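794 is the number of the first residue of the sequence shown in the working numbering; add one for each residue after it.
For the record, the hints were derived by calculation from the structure and aren't laboratory data.
Predicted model, so just to flag it, every value in this text is computed and none were measured.
Any given hint could be a false lead.
Claimed, not checked - What follows is a set of in silico ranges between Cβ atoms, one per label pair, in the way DEER data are often shown:
| # | residue 1 | residue 2 | range |
| --- | --- | --- | --- |
| 1 | Asp-856 | Pro-892 | 47 to 55 Å |
| 2 | Asp-906 | Phe-849 | 13 to 21 Å |
| 3 | Arg-905 | Pro-852 | 16 to 24 Å |
Don't be surprised by glycine CBs; every beta carbon is placed ideally from N, CA and C.
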Amino acid sequence: MITDFVGAGPLKVTIGSLPDEVLLEIFIFYQQGADYNKEEWITLVHVCRGWRYIVFASPLRLDLRLRVRGKIHTREMLDIWPALPIAISPSTSRLTRVPKITENVIAALGHRDRVCRITLAFHCPRPEIGKIFGNDAASISCTDIPRTLGLAER
Numbered sequence: 794m795i796t797d798f799v800g801a802g803p804l805k806v807t808i809g810s811l812p813d814e815v816l817l818e819i820f821i822f823y824q825q826g827a828d829y830n831k832e833e834w835i836t837l838v839h840v841c842r843g844w845r846y847i848v849f850a851s852p853l854r855l856d857l858r859l860r861v862r863g864k865i866h867t868r869e870m871l872d873i874w875p876a877l878p879i880a881i882s883p884s885t886s887r888l889t890r891v892p893k894i895t896e897n898v899i900a901a902l903g904h905r906d907r908v909c910r911i912t913l914a915f916h917c918p919r920p921e922i923g924k925i926f927g928n929d930a931a932s933i934s935c936t937d938i939p940r941t942l943g944l945a946e947r
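My request is simple: use the sequences and hints to build the entire structure.
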């Protein structure tokens, strides 16, 4: 509890009166409680201009990344946000999503100097493998196709 100097009682402190360093520590705590695949920082930058400034001034401390998945139009996302590191992590079990996912991955790889992580997870039933790999599918066994391929910058 924060009290005034004469000990008369608690002071009322608003979040707007906190220094940027304190807000940054609160944001870090908030990020640590979030799921790694969620972009909680996006919520923070939409609160106000001051919070947006703090978040974008501390991309390493907050581990800011743009996450490329199959759902979001990657080209638009890359145009909207600042030049943050890109984590590519599409995942699908539906063959109909593969063209959109491929388009998003190619768009992200156009910024290869910013790509910091690639994780691909396609869970396709065996009959669908032929549709992806074409005529060569007959020579591919299930052990030849990794369920998840992960590449990360160290």
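>> Need the list of violated hint numbers for this structure, in ascending order.
In response: The structure breaks only hint 1.
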